[in-house]
Amino acid sequence: MSQKFPADLSEFTVPGHSRGIIDALSYRYLLRLLIRKGTLTRYHGSVLGWVWSYVKPAAQFLVFYLVFGFFLGLNKGIDNFPIYLFSGMIAINLFGEAFGNATRSIVDNTALVQKIYLPRELFPISAVIVAFVHFLPQVLILVIVCLFAGWVPTLVGIASIILGMLIVVTLAIGLGLFFGAINVAFRDAQNLVELILLFATWTSPVLYAWTMVADKVSPWVFNLYLSNPLTSAVELFHAGFWFSTTTGSLPQPPHLAAFSLIGLLISLIILAIGQLVFKRLEGHFAQNL
Amino acid sequence: MPRTSDPALPRIIIDSVDKTFILRHTHSFKESFIAKLQKKKTTTSFSALSDIGFTVQEGESVALLGYNGSGKSTLLKLISGVMRPDSGRILTRGRVAGLIEVGAGFHPDLSGRENVYLNAAILGMNKDEIDRRFNDIVEFSEIGEFIDTEVKHYSSGMFVRLAFSVAIHTELDILLVDEVLAVGDAPFREKCKKKIQELTDQGKTMLVVSHDVDMVTQVCKRGIVLRDGKVCFDGAVNDAVASMQGNGA
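Respectively, the protein sequence lines represent chains A and B. With the numbering used here, letter number 201 in the first sequence gets 201, and the count goes up by one each step, no holes. With the numbering used here, letter number 44 in the second sequence gets 44, and the count goes up by one each step, no holes.
In case anyone wonders, no lab produced these hints; they're calculated from the structure. Some hints could be false.
To be verified - One-sided excerpt, in silico: chain A residues whose CB lies under 10 Å from chain B:
#1 16
#2 109
#3 288
Stated by the list, open to error - Here are the simulated lysine-lysine pairs, BS3-like style, with alpha carbons at most 30 Å apart:
#4 B:204 to A:115
#5 B:194 to B:152
#6 A:37 to A:115
#7 A:115 to A:216
#8 B:152 to A:56
#9 A:115 to B:194
#10 B:127 to A:37
#11 A:115 to B:193
#12 B:221 to A:115
#13 A:56 to A:76
#14 A:115 to B:152
#15 B:127 to A:279
#16 B:230 to A:115
#17 A:37 to B:152
#18 B:204 to B:191
#19 B:30 to B:40
#20 B:195 to A:115
#21 A:115 to B:127
#22 A:76 to A:216
#23 B:191 to A:115
Computed from a predicted structure; not experimentally measured. For glycine and all other residues, C-beta sits at the position ideal for the given N, C-alpha and C.
Bound-form chain A, shown alone:
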């Protein structure tokens, strides 16, 4: 069969090709609706509904406070330990929720992925944003408690908190793209992610103070510890919410600003790698699901 193709193909597009996250973000209206769907249906059919968003962290907080603050005596070592604990905990919770949701997002949307072409990055991104919406009530509680403890918000403090959130969200999208893409062919990814999340709680100073790590390990291990983007994020939350309510008996870790920028840089690199892997594997999603 002889075929005559037009010489000028500039008006044509290749179906199924996108520019990744950038294209996904241009579907702003759909993204909004997907987020709405995620938040509306999250507690669908439960009587307490969004109250669970308060109950779960409250219960978690209670257990940690009892064990670490009371039995292990951190209450005395760290000023305002409840605020210290809760501000770190919500940072890690945001990461866990966002990363976990994003990892499952492609498999959860099997029907759509197999039938209609959309920039598939939409699913992990909306999953992360849904997790962020879900995190806001926890921030609200924290702010109220902090105000009672004599917290005065400062510009630097707010900036630290926002930078912390930015690091967590960037990291969660990057890792979510990576593991979400792998999860399509190998559901092992889902289990691996749970393992990573288990480590995340303990490899950053949520339940203890950074000084305890610094005392025990050699300097280069400690630097590695501080380079963990989640450590920076947790410390940025501490800096924003907790530090100003204390007498300063537990100082902030050294070079927090520098390590925060390193953390942000690492998160951005992970985001780039995640996007690259996602794009490579995307072509096989429909047939592997």
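Fit chain B to the known structure of chain A by using the hints.
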């Protein structure tokens, strides 16, 4: 941009496209290990499409015919972008919308109204377009007052009617139809056929996969017959139907 309205410019170009599926028989290390021991093959490759090439002109309505497993649906998935060809290229011009298993994006816990907005957005419409067409969509679906009820309470007929109605009302240049016309009761099917006819009359480009010979001969002018992943006939739709039935028996 001098030649935007060039009438000779096709809507779909398919250029020597191949698609092979690799079926994995083993899904874990244990299974692969046992399969190795028993010297069984762990994968089979299956050529779904080989060396497909044709173009579809502006305003043409083309029926893709063929028996089960001939690669029709795979070809539609390649054109919609859900899958990518292994080699060759596919190019489309304008907005592609698929009536491919309608209702894929429906969420049972959301109301009909919310699902209309969500799915229309999934199919590529923006808020203004949906607002403008919302009443048409509801009217066509005959859902009426149930539009604010959660979709899980709908009968299967209502569900399909609403889903179809959303899909058919999207703004599009190229419509891909896969077997969905077998939905609903006879009057609704008739209505769908009429709507599709209307779209062809408006000069929309259409690619239809269906086993309903009566319908495709009514709606389409050109027919392409696929057999074992190859094009074996391309011409007038009546001849295509005859070719498929003549050789297939």
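Each hint, compared with the structure:
Taking 10 Å as the C-beta cut-off, the interface hint given for residue 16 of chain A holds, the closest approach to chain B being about 3 Å. Restraint check, residue 109 of chain A versus chain B: the minimum CB separation of about 9 Å is within 10 Å; hint holds. Among the interface hints, the one on residue 288 of chain A holds; its C-beta lies about 9 Å from the nearest C-beta in chain B, closer than the 10 Å criterion. With a CA separation close to 21 Å, the supplied pair residue 204 of chain B and residue 115 of chain A stays within the 30 Å bound.
With a C-alpha separation of about 28 Å, the suggested pairing of residue 194 of chain B with residue 152 of chain B holds against the 30 Å cut-off. Restraint check: the Cα-Cα separation between residue 37 of chain A and residue 115 of chain A comes to about 19 Å, which is no more than 30 Å; the hinted pair holds. Between residue 115 of chain A and residue 216 of chain A, the direct Cα distance comes to roughly 55 Å. Violation of the 30 Å bound is thereby established for this hinted pair. Our distance criterion of 30 Å between C-alpha atoms is met by residue 152 of chain B and residue 56 of chain A, whose separation comes to about 29 Å.
Using a Cα cut-off of 30 Å, the hinted pair residue 115 of chain A and residue 194 of chain B holds, with the two alpha carbons roughly 25 Å apart. A hinted pair counts as satisfied when its Cα atoms are at most 30 Å apart, and residue 127 of chain B with residue 37 of chain A qualifies at roughly 16 Å. At most 30 Å may separate the alpha-carbon atoms for a hinted pair to count; residue 115 of chain A and residue 193 of chain B meet this at roughly 22 Å. Taking the CA atoms of residue 221 of chain B and residue 115 of chain A, the gap is near 26 Å; set against the 30 Å cutoff, the hint holds.
Simply put, residue 56 of chain A and residue 76 of chain A have alpha-carbon atoms about 26 Å apart, close enough for the 30 Å limit, and the pair holds. For a cut-off of 30 Å, the pair hint linking residue 115 of chain A to residue 152 of chain B stands: about 21 Å separates their Cα positions. The straight-line distance between the Cα atoms of residue 127 of chain B and residue 279 of chain A is roughly 28 Å, inside the 30 Å bound, and the hint therefore holds. At most 30 Å may separate the alpha-carbon atoms for a hinted pair to count; residue 230 of chain B and residue 115 of chain A meet this at roughly 23 Å.
Of the pairs offered as hints, the one joining residue 37 of chain A and residue 152 of chain B holds, with about 15 Å between alpha carbons and a cut-off of 30 Å not exceeded. With a C-alpha separation of about 18 Å, the suggested pairing of residue 204 of chain B with residue 191 of chain B holds against the 30 Å cut-off. With a CA separation close to 14 Å, the supplied pair residue 30 of chain B and residue 40 of chain B stays within the 30 Å bound. Taken as a hint, the residue 195 of chain B and residue 115 of chain A pair is honoured in the structure, with Cα atoms around 22 Å apart against an allowance of 30 Å.
Between residue 115 of chain A and residue 127 of chain B the alpha-carbon distance is near 22 Å, which keeps this suggested pair within the 30 Å criterion. Of the pairs offered as hints, the one joining residue 76 of chain A and residue 216 of chain A holds, with about 20 Å between alpha carbons and a cut-off of 30 Å not exceeded. Proximity of residue 191 of chain B to residue 115 of chain A is assessed by CA-CA distance (about 24 Å); at most 30 Å being required, the pair is judged to hold.
In summary, the one numbered hint that this structure violates is 7.
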